[in-house]
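Peer 1: Below are the chains, spelled out letter by letter.
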Amino acid sequence: MDSKPSDEAGELAGKPPLPVKIVVAGGFGVGKTTTVSVISEIPLLTTEAAMTEVAAEIDRTGHVPQKTTTTVALDFGCITIDEEIKLYLFGTPGQDRFGFMWQDLTQGALGALVIVDTRRLEDCYAAVDYFEHHDIPFVVAANRFHGKLEHHLEDVRWALAVSEETPLISFDARQRRSVRDALLSVLHMSLARAEYPR
Amino acid sequence: MALSAMAGGEDWRQPPDPGLTRPYLDEAGGVDVPPPVREASGVRPYLLTGGRVRPADASLEIEAQVQTTPAGHSDADRLMFEHRDIVVLCAQPISIAEVAARLGLHLGVARVLVSDLIEAGYLAVRRPDVGLPQNKKIIERVIRGLQAIR
Chain A
1 MDSKPSDEAG ELAGKPPLPV KIVVAGGFGV GKTTTVSVIS EIPLLTTEAA MTEVAAEIDR
61 TGHVPQKTTT TVALDFGCIT IDEEIKLYLF GTPGQDRFGF MWQDLTQGAL GALVIVDTRR
121 LEDCYAAVDY FEHHDIPFVV AANRFHGKLE HHLEDVRWAL AVSEETPLIS FDARQRRSVR
181 DALLSVLHMS LARAEYPR
Chain B
1 MALSAMAGGE DWRQPPDPGL TRPYLDEAGG VDVPPPVREA SGVRPYLLTG GRVRPADASL
61 EIEAQVQTTP AGHSDADRLM FEHRDIVVLC AQPISIAEVA ARLGLHLGVA RVLVSDLIEA
121 GYLAVRRPDV GLPQNKKIIE RVIRGLQAIR
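Protein sequence lines, in the order shown, are assigned to chains A and B.
Per my numbering, residue 1 is the first one in the first sequence, and the count goes up by one each step.
Per my numbering, residue 1 is the first one in the second sequence, and the count goes up by one each step.
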């Protein structure tokens, strides 16, 4: 290995890798965790992060009525891309709004994969709104639960009212190659607006 | 895991009392973030951060890579609790999010502690370059790397 000193720390053996990230968003229970864990090279990790009380109030999952906690679990995994780059996949919590979390998660992201369950399309509205508004490249991916979709993709596009430029794909969160291809479509969106550094 | 140097009690790993987490909110990107709550007692995460509610560098990304420097390794034994745990954990470069997850720390707390250690010269940091999301060269490399996954 190259033991060239790094800028920051003099005698470190090699530089720490360059981190890049893709955000995996969507409503509660759409398959974000499965998506991240099926392709991550490390076991899925979870950490607690802050969530606003507003978000706690609008959490309407039947399992946790009137949830009052102001922390939320953030799931993530990573993939070593090459000798220098490490790709992180951050699964955003299921709630519609969680204050600073969005900013923290999306700052510097290459793009986002918004996962939808075609039976509960409205759960992804918040994510779609956010990425459109912040001009972050994203792809909408319908998870084929039990191997099938409940609705045609054209109907999903109509219901979500996403622009024609936004790719809408279907994938299987349980299949690594399917997840890989979904992430690749996100990256092609990112690429379309990128430039070679001068 | 080589975390035998971990600080004693286990209960600090529990998620903090919901009412006590606001001091760690980063207001910069927050919507409707209430003012920090400071009056409560027994706020361990708050104590861990020496009473500070935000890192020296609040913009430190959660995916930023940190790695223990030689100075960090040699002074590890003199560091206290979580600072020492982090220095031991980061022998290989990992992200701030991983530091939080592996030590059972709230993300905001991990960020403050990591910032301390960077400032003290015990950790080296590599942050994502500015303009990374628009860097065609980097994105192409990520695409190639993903394509290699079978």
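Just so you know, these hints were derived from the structure itself, not from any lab.
Fair warning: there could be bad hints in the mix.
[As the list claims (entries may be wrong)] Covered stretches of chain B (in silico footprint by chain A; criterion: 3 or more residues with CB under 8 Å from a CB of chain A, positions within the stretch not fixed): (1) 75–88; (2) 91–103; (3) 107–113; (4) 132–138.
[Unchecked claim] Here are some, though not all, of the chain A residues that point toward chain B, as calculated from beta-carbon distances under 10 Å: (5) Ile22; (6) Glu48; (7) Leu153.
[To be verified] What follows is a list of derived Cβ distance ranges for each label pair: (8) B/Pro70 x A/Gly147: 39 to 45 Å; (9) A/Arg174 x B/Pro70: 16 to 22 Å; (10) A/His152 x B/Pro70: 29 to 35 Å; (11) A/Arg119 x B/Arg144: 49 to 55 Å; (12) B/Ser59 x A/Asp135: 17 to 23 Å; (13) B/Arg78 x A/Arg174: 47 to 53 Å.
Computed from a prediction, not measured in an experiment: that's the story for all the values here.
Ideal placement from N, C-alpha and C gives every residue a C-beta, glycine not left out.
Peer 1: All the hints need checking, so say for each whether the structure fits it.
Peer 2: Going through the hints against the structure:
A count of 0 residues in the segment 75–88 of chain B with a Cβ less than 8 Å from any Cβ of chain A is obtained; the coverage claim is therefore unmet, three being the minimum. Counting residues of the segment 91–103 of chain B whose CB lies closer than 8 Å to any CB of chain A gives 7, so the stated coverage by that chain holds, three being the minimum. Restraint check on the segment 107–113 of chain B versus chain A: 3 residues with Cβ-Cβ distances below 8 Å, three needed, restraint holds. Restraint check on the segment 132–138 of chain B versus chain A: 7 residues with Cβ-Cβ distances below 8 Å, three needed, restraint holds.
Here the hint on isoleucine 22 of chain A is kept, as its CB sits about 9 Å from the closest CB of chain B, short of 10 Å. A distance limit of 10 Å between C-beta atoms decides the matter here; for glutamate 48 of chain A the minimum to chain B is near 5 Å, and the interface restraint holds. Restraint check, leucine 153 of chain A versus chain B: the minimum CB separation of about 23 Å is more than 10 Å; hint violated. Between proline 70 of chain B and glycine 147 of chain A, the C-beta spacing of about 53 Å breaks the proposed range 39 to 45 Å.
Under the hint 16 to 22 Å, the C-beta atoms of arginine 174 of chain A and proline 70 of chain B, about 44 Å apart, miss the expected range. Histidine 152 of chain A and proline 70 of chain B have their C-beta atoms about 60 Å apart, which leaves the hinted 29 to 35 Å range violated. For the pair arginine 119 of chain A and arginine 144 of chain B, the beta carbons lie near 36 Å from each other, so the given range of 49 to 55 Å is not met. Roughly 20 Å separates the CB atoms of serine 59 of chain B and aspartate 135 of chain A, a value that falls within the hinted 17 to 23 Å.
Hint check: arginine 78 of chain B to arginine 174 of chain A, Cβ distance near 48 Å, so the stated range 47 to 53 Å holds.
Of the numbered hints stated above, those contradicted by the structure are hints 1, 7, 8, 9, 10, 11, listed in ascending order.
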